[in-house]
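Protein sequences, first through last, are from chains A, B and C.
Going by my numbering, the first residue of the first sequence is number 1, and it counts up by one from there.
Going by my numbering, the first residue of the second sequence is number 1, and it counts up by one from there.
Going by my numbering, the first residue of the third sequence is number 1, and it counts up by one from there.
Keep in mind that the hints are not guaranteed to be accurate.
In silico DSS-like cross-links for lysine-lysine, where the CA-CA straight-line distance does not exceed 25 Å [said to hold, decoys possible]: (1) 309(C) - 62(A); (2) 419(C) - 132(A); (3) 62(A) - 193(C); (4) 132(A) - 359(C); (5) 763(A) - 14(A).
It is worth saying that the hints were derived from the structure and are not from the lab.
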Amino acid sequence: MATIFIDNIPYTVKDGRNLLHACLSLGFDIPYFCWHPALHSVGACRQCAVKQFRDEKDTRGKIVMSCMTPAAEGTRISINDPDVKRFRRSVIEWLMTNHPHDCPVCDEGGECHLQDMTVMTGHDYRRFRFRKRTHRNQYLGPLVNHEMNRCIQCYRCVRFYRDYAGGRDLDVFASHNRVYFGRHADGLLQSEFSGNLVEVCPTGVFTDKTLKEHYTRKWDLQTAPTVCVHCGLGCNTISGERYGSVRRIINRYNRDVNGYFICDRGRFGYGFVNSGERIRTPLIRRSKSGEMGPVSREDALKHLEGILYFGARVIGIGSPRASLESNFSLMTLVGQEHFYAGISEQEQSLIDRIVDILSRGPAPAASLKDAEEADAVLVLGEDITNSAPRLSLSLRQAALNKPMETARKMRIPEWNDTAVRTALQGRRGPFFVAATAATKLDEIASGVLHAAPDDIARFGFSVAREVDGNAPDVLLSAEMTALAGAAADALKNAERPLVVAGMGCGSEAVIQAAAQAAWALCGTGKKARLLFIVPECNTLGLGLMTRRGIGAAVKAVAEGGGDTVIVMENDLFRRADETKVKEFFRGFKQVIVIDHVRTATTGHADVLLPSCAFAESQGTYVSSEGRAQRSFKVCMPEGDMRESWRWITDMAEIAGRPEGKTWRNIDHVVKALAGLMPVFAGIEHAAPQAGFRMTGLRIPRQPHRASGRAAISANVNVHEPKPPVDSDSAFSFSMEGYEGMPPPELIQRYWSPGWNSVQALNKFQEEVAGPLRGGDPGVRLLQPGPLEVPAYFREIPPSFRQREDSWLLVPLYHIFGSEELSVFSPVIAGISPEPYIGIGDQDMKRLGVNEGDAVAVTLPGYSRVFPVKKTAGLPEGIAGMPAGLPSAGWTGLPAWAGIVKKVLHKEEDRHA
Amino acid sequence: MLTDDERREIEREVENCVNRREACVEALKVIQRSRGWVADDQLRGLSDILDMTPEELDSVATFYPLIFRRPVGRHVILICDSVSCWVMGYEDLLRHLKSSLGIGLGGTTTDGRFTFLPVACLGACDRAPAMMVDDELHTDLTREKIDDILRRYP
Amino acid sequence: MAERPLTGDIRPGVMPDISAYESAGGYEALRKAVSGMSPEDVRKAVTDSNLRGRGGAGFPTGQKWSFVPPGEAASLQKYFIVNADEMEPGTFKDRLLLECNPHQVIEGAILGAYAIGAGRAYIFLRWEYRLAERRLREAMAEAMEKNYLGKNILGSGFSLELRIHTSAGRYICGEETALLNAMEGRRAIPRAKPPFPQVCGLWGRPTIVNNTETAANIPPIIRNGPSWFHGLSLTEDAGTKLYGVSGRVKRPGVWELPMGTTIRELLEGHAGGMREEYRFRGVIPGGASTDFLVEEHLDVKMDYGSVQKAGSRLGTGMMIILDDRTCPVGMVHSIIRFMARESCGWCTPCREGLPWLEKILNALETGDGRPSDIELLEEHTRLLGPGNTYCALAPGAVEPLQSGLRFFREDFERHIREKRCPWR
Ligand SMILES: Cc1cc2nc3c(=O)[nH]c(=O)nc-3n(C[C@H](O)[C@H](O)[C@H](O)COP(=O)(O)O)c2cc1C
Ligand code: SF4
Ligand code: FES
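Whenever a hint applies, use it, and build me the whole structure from the sequences.
What follows is the structure in structure tokens.
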């Protein structure tokens, strides 16, 4: 702690801060541009100037940049000194010499940091009378829009994109007042985090192109806190809606989870909510072969009465992409013994293993923040950038932790960003990656292994053995042994070692090996953490609820048959082989499907009920960290769409179950679940309940400037329509309500007087870049168990053996394409890959194929032809196939497959 | 793409460097020496050798006025426009050069003979006004002397 | 004639070679240092000599060297860099040394490297100095051959690799931290200080950057000792200085003279006075980024302290003369145009402020000036002052403007009143 004097009043600030950080944290308004709480200080924009005085007697003082000056003990500054106010106003005046006056047509207008700072500094009169410089804009792909004339050269874009996120295709060109930020040539930005430019840029240079398609001003958006549904990390987001469609998603700060940034899948994948594939009305099949016809909700329920009669044998299939509440209500309806997770057998065994490991301890699950703070990292079997993108961003920062010691030795404060980077000279901390193919994180790794899943596991076990001689021994090649030794040394020497693995390469052994390595480290007294990547937003939550996947369901049906199956928010054709799923459905008289988008499964429904996407539903999701987080509805579902749990509660009523009457809002479901299953006891505290009020008021989803609400239907009726009532949460669907700061779980937008841009977030934090006031949202469900190291896994898989006639086909992940829901967004579909077979250099020769040639792939019950794509890093004897692409069908990888070169007919003709 | 000679010369340059990036300005100059300017295509070729993306290279290349990212004439005239030369009659010479070349600063004559650019103080202030044509420095310029000099560059 | 340790042996039109240099005592200092002096001894000699940097800022060289961390960090790779970028308008002193006395610059670099324990040294040379590059390369080859450079220099165990980096333009490259970025193959943007290059410089290692003239002063200091160096000067600031004059004088040029020679002596004595039909109006004493001095200052001694007291800076010691037939507004305009173009584009005041000034001055020159322009110009000379910008480019850029407005205000006002440049 240090005492500093601001305009002669003493304040206590934390050690090691710069003045800007300290003053903003104390609640002072100092304007700034180039500084960013996650990107730190570079001193370029000169906007954050304050006057510094040597001592009490010094009355002249000198202008310093607050972002570049330590808040050291006894520092005396003035924020209000007239000279420095004048200077700050001049900085804006300079920036405005070239900034266009296009706020009315600028997407940033109304939430623009430059607008805010202009008002804050008081620059209001134009003295520059000459021409402005102009630039040409670039096409940067369908996600991010570029409008260079608005640039104020704060350098944040390149600092985020390059220094922070590791992108290399955005840079700054030219010099003096012609500097230009863009790409070498037009084209899609290659970074998975390009969308953050939208928030990082303080003006309208980089804006959300998907928002542009259906543009709405911030003050016309109805917003609510949501949790991203596109992977298992559970990033916090704010979704904005208008007139029934989701318009955009921005980051919602949660220091423990995503901090300031999310990935492009999370930001731009929302289009599925608005897509033409939405199911909007209940549909019923009149006879087994007949067409589906729309019915009203009442008729649908009446129809269900005939199906859900007393004594009917009904099973329920839940979903890892549905909320805990929806899953639990289905489980309650059909009874625990008839409820299945509906994930593939492989997924089920992997998640079971993960749940066991994380609940047992001693290595606790790591949050994203823990990951970012790790000082040595071992990654086993995951292409993180594509399977859990936000985590890769955290790990990129983690890689700097160890080298940071160099800077510390030179007494360079961590916030002095350019100096730190100069001192580090691109050095990266201990970071070891073992994956089936090349991954983007390889470039920051100190050691890389590309191997078959079994060998990755063996490598992990070997690291464990190197750490603790009591762990079972593994015989590896000399090269791998050396690598394992290096990794083990690095992890042992670290303060906060982290082991990352997951369900990505489909190997239980890899998961065990990761646990083994972490346990071995714990045994040496290290606070090692584990992070298991799970594919979907509630995979872990569902894994905590049931251990029975689709395999168990199929078995149960085969044994006892059934009358009705209720499939909720799950496309079983993504879980198992097509013929198997079809056969499964044939086993029932009635197939009831509740979902929000059309999938292969909805095509098999006899009764299809429209559920709500995340934007229209409230629910709790458990992230890979075991953190239960509540997501709220942004808007009311249209027409007959209902949240799955509501459909099921209706069914419960039909079936005469008590819940049908008692579950009137979601809190009742939450309470029942928390009461029934101890592991979920915490979820009641994941967010305030429906009855929560601030000074007696609800929290408005609309900003109090929401325009034209009464005018929307003025041609029909000048009376304002009554806003819908939200029975599930403390939010209102109107602009009336509590205007102050809501509790952290209920932050629906960032705004504070004078701060209209996202940077208003500063006001919501206890300390800038620190925890949110009131704590960061979410409740961790998995408490570390006993601290002693459990018995080591002794079953180690044999090493991978290449086969003559078949190939081990492994899944390859793509940020755009592998995930189910985002692909329903046309913009994401447009940048997803077409199916291909990935083959390494050597094997392409062996097969006699070139890139683009066709190969036939055969697996049991599966035979398709795909083009070949050269894929770096794939070891010999291993081929890859993109995971999850809808057009490729289910393959259940990894698996042995036949691959042969296929001469296409056309070519045959040509040769003939 | 780059010629073998260019590659060799660049690799030689790289050998003496602490890391590959260090060689980038020199490498750009190698290309420029053999071709007059650096086209996108060569930038991409260089990008492979130096392990820098085209963006990273271009970011450096466009920072410098003496790396030409657009085609230039057979000869490049760099006229010093800094203060000593200005005092000694730069403006008159500029007018003269503009009219005899038929182009302004930044221009290239239609016959592709000259590109005409301003340059920072050439450190020849005691012999001002001064200019460089290609590698050669010309000082104590007058209108007549300039006519004479231009004739020497076909 | 006074002693001229930097240029005394330069013979006009004679190509310098190593034997000529040696026979005049060249490389004796190196021999002396590596055989009998520890690096500390060399550092001490330079400190005692009170040599101040000749690159413009005048920072004491020995003190700068002393910031290179001792102890554990001493074993780190370190670098010694000779700044031969010389792009300050009106400045052409380093060129003389580089072209005509390259061995002395090289010997200075070797001694500097020895003193701080650097294994690698660079000469950062502007591209346009083609002749200088040729002569430096020849000289380096000669020095290599004689084992003044390379492995195990003169059997002392000390090795040094010397390399030339030729730039591709941009004045900012001469700023010592921008120079480091330029050498690393990055955009030549200055770096934040602290940390200073002496601690975290090239490739993050301890680095010394010294001006060419500074480096060339080291061998004679080592050879003849600090007190000899003090004796060369007429004032407190030791040594000789390369002074130059350009503009409408009879004999523009550069001369090595005792530190503290007066402006009058330079102008009237060495440069031969003003040309016929021209009268003296003012002088920018030390390269384009120093304040004007006028008639009343002619007897000011050209040393760091005296020029500062007179309201300007010694800078590079290279004077640019303003005569009575040249427009002071135009002269300032030329400087500001240069500075606006050479701004690196990193910090706002310089990147946006200088082009604005340029536009205003251009408006004045073309008859579009407005009365409020003077106030804007004046305001900017304060707003772009030291500390307000990221590096010293912009504060230097506005010095001639600031003093121009003071000494030649009437000229500025006339431009506005008459809506034209009275000199055109
Ligand atoms: C914009 C700018 C340009 C500079 N250009 C040069 C230069 O060309 N040569 C030089 O020696 N110093 C130049 N300097 C000064 C250097 O930053 C540095 O102070 C000097 O090289 C140190 O050498 P010295 O201590 O021997 O004087 C420049 C400074 C600035 C701010
Ligand atoms: S003052 Fe600022 S913009 Fe100007 S050269 Fe220095 S850092 Fe660059
Ligand atoms: S925020 Fe401090 S200089 Fe930009």
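Please write out, lowest number first, the hints stated earlier that are contradicted by the structure.
-> Per hint list: zero violations.
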